[in-house]
Amino acid sequence: MEIVRLGKSSADGEPNDQKTTNNYQARKVETAEELERVQLATLYNGASSQESSSHLSDAAGNEPAETAYAVFRTQATNRSSQSESESESSSQIVGGVWVSTQSFTERDLHLKIDLAEHQRWLFAARMMPEERSRGAYSVLLRKLLSAETTSDSTDERGADAGGVTQVWAAINPANHRSVRAHAGYQIATAGRIHLFRIGPLAVAWQGRSSAECAVTICPKWTWHGTKSPIRMTVSSVTGLSDSTANSA
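According to the UniProt record's numbering, the sequence shown is numbered sequentially starting from 1.
Keep in mind the hints are simulated off the structure, nothing from the lab.
One thing to keep in mind: the hints can contain errors.
Stated by the list, open to error - Using 25 Å as the maximum straight-line C-alpha spacing, the simulated DMTMM-like pairs for lysine to aspartate or glutamate come out as follows:
no.	residue 1	residue 2
1	K143	E117
2	K143	E36
3	K143	E30
4	K227	E117
5	K227	E66
6	K220	D114
7	K28	E106
8	K143	E34
9	K112	E212
10	K28	E131
11	K112	E148
12	K143	E130
13	K220	E2
14	K227	E106
15	K220	E106
16	K112	E66
Hey, can you work out the whole structure from these sequences and the hints?
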């Protein structure tokens with residue numbers, strides 16, 4: 001898996017921007033009903049699927065560890081006379097993506113990704129098959145990156161100099177559709193990691209490294225991944241210029 005940082009700066013200037021924007025809208029999920037629809041679209045039920053509302057807020061009212069974003073296909077007729085909420089009410093969710101704070105566990109690989117306060121992890125991105133290659137995911141990703149990486153000195157989450165938040169993801173180089181979908185948004189890489197699992201045994205090792213960011217894996221293997229998973233972190237090596245990367 002290629003560990004990449006995503007950002008807005010390289011996402012501009014896509015063709016048919018206006019047409020795509022007219023066909024799709026994207027935003028953070030706000031209701032339990034929308035959450036269920038995103039779960040169906042992304043085939044991901046979440047870390048606390050027993051109680052869906054836990055994705056929206058925890059018992060103390062704090063920000064959730066996982067947040068979903070949805071992309072809606074809007075009905076083009078009379079769209080100019082509709083408000084955004086009215087347009088969404090006559091549209092359908094055709095895809096979604098999730099972003100995690102604090103940590104994210106890839107259960108199938110017995111891998112736990114520990115996140116710093118200023119880091120987010122993007123995962124479980126999926127579009128309905130009939131909506132692929134039509135620009136829906138670009139609309140969704142740009143909305144997520146705009147919302148998650150905006151610098152705000154009053155935001156307690158934001159965290160390195162300037163309060164810039166980093167969004168990271170793992171891209172499978174063999175998944176050419178995923179590589180193409182994220183290529184215009186990749187602003188840094190932390191290198192590659194390799195993992196395999198056979199029953200209770202999971203093993204991880206590092207491949208190509210990066211001069212900008214470092215991936216740390218510890219331990220290198222585990223026999224009881226459900227209780228003691230392999231843990232991964234991403235940290236800066238050269239002090240990548242967040243202000244430049246987030247200037248768009």
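Checked hints:
1. With a CA separation close to 21 Å, the supplied pair K143 and E117 stays within the 25 Å bound.
2. In summary, the hint linking K143 to E36 is supported, as the alpha carbons are separated by about 20 Å, within the 25 Å threshold.
3. Between K143 and E30, the direct Cα distance comes to roughly 15 Å. Compliance with the 25 Å bound is thereby established for this hinted pair.
4. At roughly 24 Å between alpha-carbon atoms, K227 and E117 fall within 25 Å of each other, so this suggested pair holds.
5. Annotation: proposed proximity of K227 to E66 holds, straight-line Cα distance about 21 Å (limit 25 Å).
6. A C-alpha spacing of about 15 Å is found between K220 and D114, which places the hinted pair at or below 25 Å, so the restraint holds.
7. Proposed proximity of K28 and E106 is supported: the alpha carbons are some 22 Å apart, at most 25 Å.
8. A hinted pair counts as satisfied when its Cα atoms are at most 25 Å apart, and K143 with E34 qualifies at roughly 17 Å.
9. Taking the CA atoms of K112 and E212, the gap is near 22 Å; set against the 25 Å cutoff, the hint holds.
10. For the suggested pair K28 and E131, the alpha carbons sit about 19 Å apart, so the restraint of at most 25 Å is met.
11. With a C-alpha separation of about 21 Å, the suggested pairing of K112 with E148 holds against the 25 Å cut-off.
12. Straight-line distance between C-alpha atoms of K143 and E130 comes to about 21 Å, which keeps the hinted pair within the 25 Å bound.
13. Restraint check: the Cα-Cα separation between K220 and E2 comes to about 17 Å, which is no more than 25 Å; the hinted pair holds.
14. Distance restraint check for K227 and E106: the Cα-Cα separation of roughly 13 Å lies within the 25 Å cut-off, and the hinted pair is therefore satisfied.
15. Between the alpha carbons of K220 and E106 the distance comes to roughly 15 Å, so the proposed pair stays at or under 25 Å and holds.
16. Restraint check: the Cα-Cα separation between K112 and E66 comes to about 14 Å, which is no more than 25 Å; the hinted pair holds.
Checked against the numbered hints given earlier, this structure breaks none of them.
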